[in-house]
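*Asks:* Working from the sequences, and respecting the hints, build out all of it.
Order-wise, the sequence lines are chains D and F.
Each step along the first sequence adds one to the number in the numbering used here, with nothing skipped, and position 301 is 286.
Each step along the second sequence adds one to the number in the numbering used here, with nothing skipped, and position 44 is 32.
In short, the hints are calculated from the structure, not lab data.
Keep in mind that this is a model prediction, so the values were computed, not measured.
Fair warning: there could be bad hints in the mix.
Taking CB as the label site, the calculated pair distances span [what the hints assert, rightly or not]:
1. D/W28 with F/T22: 20 to 30 Å
2. F/E123 with D/M271: 42 to 52 Å
3. D/L250 with F/K124: 39 to 49 Å
4. F/K(-8) with D/A284: 29 to 39 Å
5. D/Y29 with F/K120: 20 to 30 Å
6. D/P83 with F/E56: 52 to 62 Å
7. F/K120 with D/P83: 53 to 63 Å
8. F/R(-6) with D/I87: 43 to 53 Å
9. D/T261 with F/R57: 34 to 44 Å
10. F/R(-6) with D/L257: 25 to 35 Å
11. D/I59 with F/P68: 17 to 27 Å
12. F/R(-6) with D/L287: 55 to 65 Å
The beta-carbon is built from N, C-alpha and C at its ideal position, and this holds for glycine as well.
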Amino acid sequence: MSAAYILLCFVLVLILFSIIGMLAMWVDRKLTARLQFRVGPPWYQNFADFIKLAGKEVLIPEKANTFMFVASPILGLIASGIAGTMILLVFKTKTVFPADAILILYLLTIPSLAIILGGSASGNVLASVGISREMKLLMGYELPFVCGLVIAAIKSGGSSLSSIIQFQEQHGIIIGSLSGVIGFVIGVLALQGKLGLVPFDLAEAEGELAGGSLIEYSGLLLGLFKLTKALLLVVGPLFLISLYLGGINISSPAGIITGILKYILILVLFILIKNTNPRLRIDQTMKLFWGWATLLGIAGILLAIAGW
Amino acid sequence: MNLKIRALKKSLWVYHMSGGSCNNCDIEILDCLTPRFDIERFGMVLVGSPRHADVLLCTGIVNKKCVERVEEVYKQTAKPCVVVAIGACACSGGMFRDGYEMGGPLDKLIPVDVYIPGCPPKPEAMIAGIVKVLEKLK
Ligand code: SF4
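*Replies:* Structure, rendered in structure tokens:
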């Protein structure tokens, strides 16, 4: 596999996944609106938002560190793009591409770190409150998420993403077992935190923090953050699908259709959790993640070792 | 009409700024988000930071304390942006015209694009005003 081919895949993933991600964000907004008895935005809404943001003035605050301020949205976008490329290549080539689940976990952390970097570079007080929450949130959900990953790794006997998928092709999907269910539940919760959806949207709290860590961002840079979020909304669920739901077989049409169904299932789960829960305070969030989510994760690991 | 303006027309993000209103106009603005009016179907959302905003909705007479702040918020908004004066107070000063705290009206401080009179204006009136904004953005 040549570098040019991987680069091509990367560009493809950036375009394709951001389109899918923006449509998924529309599904989120529309469903939320319908659940609140509203009409909701038209399907092209997020595209219009992005084009509009791209055409607007970019303001860089006086106190900001210009380089970090501009670089961090790009960093986040590239990291989530690379994670997406790896997952896609694993789906496509099965064994050849050596992508490790732990590496993807790291890559998925970078967008959150980018928000933290960008927020702290902007020199705004409210942004600093936002990033302190974002940091705590990051440390919070990462721990149970790792537990969930360990469950999948123990079940399949290796943390390489392709070996996890191949194991599931031969022995049935991991979510079919009790520990797999636990891992999936934790994974969904952690991703909800990573995507900043409602029970865990305290870093971007529109109400009291006026946009939180992104408060000083405008124009294209804000658009890049939105794009990163759209990408994560695809890459995150795909990662979960490959860990617990057997991956997606993109070489046959039937595989693609079941893959889309799996994706929609996870997306709807996210939206339902988002719409039925109020926002948690940071201490409640930490209690949830480091408390029972981690305990559940450890129980899941023990179950996985016992072979359940 | 180029793509930029077309996208802008479909996705107006609204920042709500109170320059010393009696709070009634602000409540009517929030009414626009309720299921009955639902401005999100036109792509409008309320944002928390002027940096993200395309439309500044200003309410109130802009009292002397608020003058600097209103000007500052206008400067911080990413251009192109539209300024809408909501309510009799922001348009002309209304019944506080001769008040000792009067620092406005709004158009003395920053360029205003649309005036929506009323005390407070109905959500329908605001939506009609926003439609005028859309016509203006060409
Ligand atoms: S216009 Fe009327 S409702 Fe609006 S702020 Fe002024 S007094 Fe209050």
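*Asks:* Confirm or reject each hint.
*Replies:* These are the hints, each one checked on the structure:
Between D/W28 and F/T22 the C-beta distance comes to about 23 Å, which sits within the given range of 20 to 30 Å. Separation of F/E123 from D/M271 is about 50 Å and conforms to the stated range, judged on CB atoms against 42 to 52 Å. Between D/L250 and F/K124 the beta carbon distance is about 45 Å. The supplied range of 39 to 49 Å therefore holds. The given range of 29 to 39 Å is broken by F/K(-8) and D/A284, whose C-beta atoms sit roughly 54 Å from each other.
With their beta carbons about 23 Å apart, D/Y29 and F/K120 fall inside the hinted range of 20 to 30 Å. A beta carbon spacing of about 59 Å between D/P83 and F/E56 agrees with the range 52 to 62 Å that was offered as a hint. Taken as a hint, the range 53 to 63 Å holds for the pair F/K120 and D/P83, whose Cβ atoms sit roughly 59 Å apart. About 45 Å separates the C-beta atoms of F/R(-6) and D/I87, a value consistent with the hinted range of 43 to 53 Å.
Restraint check, D/T261 to F/R57: a C-beta distance of roughly 38 Å satisfies the suggested window 34 to 44 Å. The beta-carbon spacing between F/R(-6) and D/L257, approximately 34 Å, falls within the hinted interval of 25 to 35 Å. As the Cβ distance of D/I59 to F/P68 is approximately 24 Å, the hint placing it in 17 to 27 Å holds. Between F/R(-6) and D/L287 the CB atoms are about 57 Å apart, so this pair conforms to the stated range of 55 to 65 Å.
In summary, the one numbered hint that this structure violates is 4.
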